[in-house]
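Residue numbers (numbering that gives the first Met the number 0), protein chains in the order written: chain A, 0 to 208; chain B, 0 to 208.
Accuracy of the hints is not assured; some may be wrong.
It does not matter which identical chain is meant; a pair holds if it fits inside one copy or across any two.
[To be verified] Straight-line alpha carbon distances no greater than 27 angstroms define the calculated DSS-like cross-link-like pairs of lysine-lysine that follow:
1) K44 x K149
2) K44 x K180
3) K149 x K180
4) K21 x K96
5) K96 x K180
Rather than coming from a laboratory, the hints here were simulated on the basis of the structure.
Protein chains: 2
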Amino acid sequence: MQIYDWHIAPNPRRLHIYLAEKGIPVTYVEVGQPDLTLAPWYREKYPHAMVPMLELDDGTCIGEAMAICRYFEELHPEPPLMGTDARDKAIVEMWEKRANEEGMLAASELFRNTHDAFAARGLPGSAEPVPRIPELRDRARARLDRFFRKFDAQLADNEFVAGSRFTVADATTLCGVDFAKWSDVTIPADCPHLQRWYEAVSARPSARV
Amino acid sequence: MQIYDWHIAPNPRRLHIYLAEKGIPVTYVEVGQPDLTLAPWYREKYPHAMVPMLELDDGTCIGEAMAICRYFEELHPEPPLMGTDARDKAIVEMWEKRANEEGMLAASELFRNTHDAFAARGLPGSAEPVPRIPELRDRARARLDRFFRKFDAQLADNEFVAGSRFTVADATTLCGVDFAKWSDVTIPADCPHLQRWYEAVSARPSARV
Numbered sequence: 000m001q002i003y004d005w006h007i008a009p010n011p012r013r014l015h016i017y018l019a020e021k022g023i024p025v026t027y028v029e030v031g032q033p034d035l036t037l038a039p040w041y042r043e044k045y046p047h048a049m050v051p052m053l054e055l056d057d058g059t060c061i062g063e064a065m066a067i068c069r070y071f072e073e074l075h076p077e078p079p080l081m082g083t084d085a086r087d088k089a090i091v092e093m094w095e096k097r098a099n100e101e102g103m104l105a106a107s108e109l110f111r112n113t114h115d116a117f118a119a120r121g122l123p124g125s126a127e128p129v130p131r132i133p134e135l136r137d138r139a140r141a142r143l144d145r146f147f148r149k150f151d152a153q154l155a156d157n158e159f160v161a162g163s164r165f166t167v168a169d170a171t172t173l174c175g176v177d178f179a180k181w182s183d184v185t186i187p188a189d190c191p192h193l194q195r196w197y198e199a200v201s202a203r204p205s206a207r208v
Numbered sequence: 000m001q002i003y004d005w006h007i008a009p010n011p012r013r014l015h016i017y018l019a020e021k022g023i024p025v026t027y028v029e030v031g032q033p034d035l036t037l038a039p040w041y042r043e044k045y046p047h048a049m050v051p052m053l054e055l056d057d058g059t060c061i062g063e064a065m066a067i068c069r070y071f072e073e074l075h076p077e078p079p080l081m082g083t084d085a086r087d088k089a090i091v092e093m094w095e096k097r098a099n100e101e102g103m104l105a106a107s108e109l110f111r112n113t114h115d116a117f118a119a120r121g122l123p124g125s126a127e128p129v130p131r132i133p134e135l136r137d138r139a140r141a142r143l144d145r146f147f148r149k150f151d152a153q154l155a156d157n158e159f160v161a162g163s164r165f166t167v168a169d170a171t172t173l174c175g176v177d178f179a180k181w182s183d184v185t186i187p188a189d190c191p192h193l194q195r196w197y198e199a200v201s202a203r204p205s206a207r208v
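Just chain A, with the same shape it has in the complex:
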């Protein structure tokens, strides 16, 4: 069993944080290259061309960070990072999904439609060129602003994103906030609850893996 990884990329970082919080040791295979592309042999092996990817000993390839977390969560339930009972599991999944679609995907949209290395890579995982769309930059900034405010409101009443304990929803939210910083977008000054949370989760050892 091994995980194909691009260590600096925001999406695999969700999984790094998860595994560090669980204390599960894994073997990583780095497939990112200095020119910010995926190694050709990896694109050939795994045409979905995304990271992270977990290869099981039977050859099964599991892509998508949360699907990989689900695999480990089933085998190693403690400490629970994807919820405890039906209600709690649903709340964690809801907030993780919001953090991904409203935070991570918005930060990705801004970065991919701004940076020169991604001029023809407007979407992840596409073999054909996907030209950037400059209009998406402003829209992505507006999305990130809504993301910050929505999560600030949630964190006004909750220590962590999905309630009273650290979960995958925190991992994805942290990756979204830090990914936005790649494009110089930071937590607004009038979001004190999100800022308080950000400082707390950034200080956890898992955030530095």
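Given chain A, put chain B in place with the hints provided.
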């Protein structure tokens, strides 16, 4: 317990299919209006302003279709629609996520950036106007083409999207294919496996709920 619903919308349909396959009866509250907006009282009650939303008897509001499915799956495990063991659950989650991000979100992007009723609603759930971006139409069409071909390849070797039984990955894929049809985008003629699957799942009683 009740579910706030917009019966014609593609996203809640994933949940309708899920509940029909499970045989779980629920009470639906319709919040969609004839002018294709959400009822103001609902937007006030639930500022995330998305459907579907499950309100539990304790007042907890669970948004996001897959989070709601997760809630029911924990309470009613049979028949399993989100996987059986760690490996299978991960595979279902992986394909459901691909169907959502590569199919549903692409179809949504095409529809929202094309149809006049959504001229200022380029993204779901935003209280402020989000102008359409015409360049997204071509990009969304290209995304849908990749979606069709990726799932055609998967269905060449599998009866259902995530293997040998119907799961939530099929529900989301079906909703993505049918949502694309709203913008006159249909399965390419050279995707026979996807077409075979589409006819089979469309004939299930759950597809007609």
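Against the structure, the hints:
For the identical chains of this complex, K44 and K149 are inter-copy neighbours only, at 15 angstroms across copies versus 39 angstroms inside a copy, given an alpha-carbon limit of 27 angstroms. Taking the shortest alpha-carbon separations for K44 and K180, neither the intra-copy value of 32 angstroms nor the inter-copy value of 33 angstroms comes in at or below 27 angstroms. When the C-alpha separation of K149 and K180 is checked against a cutoff of 27 angstroms, the pair qualifies only within one copy, where the shortest distance is 18 angstroms, while the shortest distance between copies is 33 angstroms. Taking the shortest Cα distances, K21 and K96 sit within 27 angstroms of each other both inside one copy (20 angstroms) and across copies (23 angstroms).
Both within a single protomer and between protomers do K96 and K180 lie at most 27 angstroms apart by alpha-carbon distance, with minima of 20 angstroms and 26 angstroms respectively.
The structure does not agree with numbered hint 2 stated previously, though it agrees with all others.
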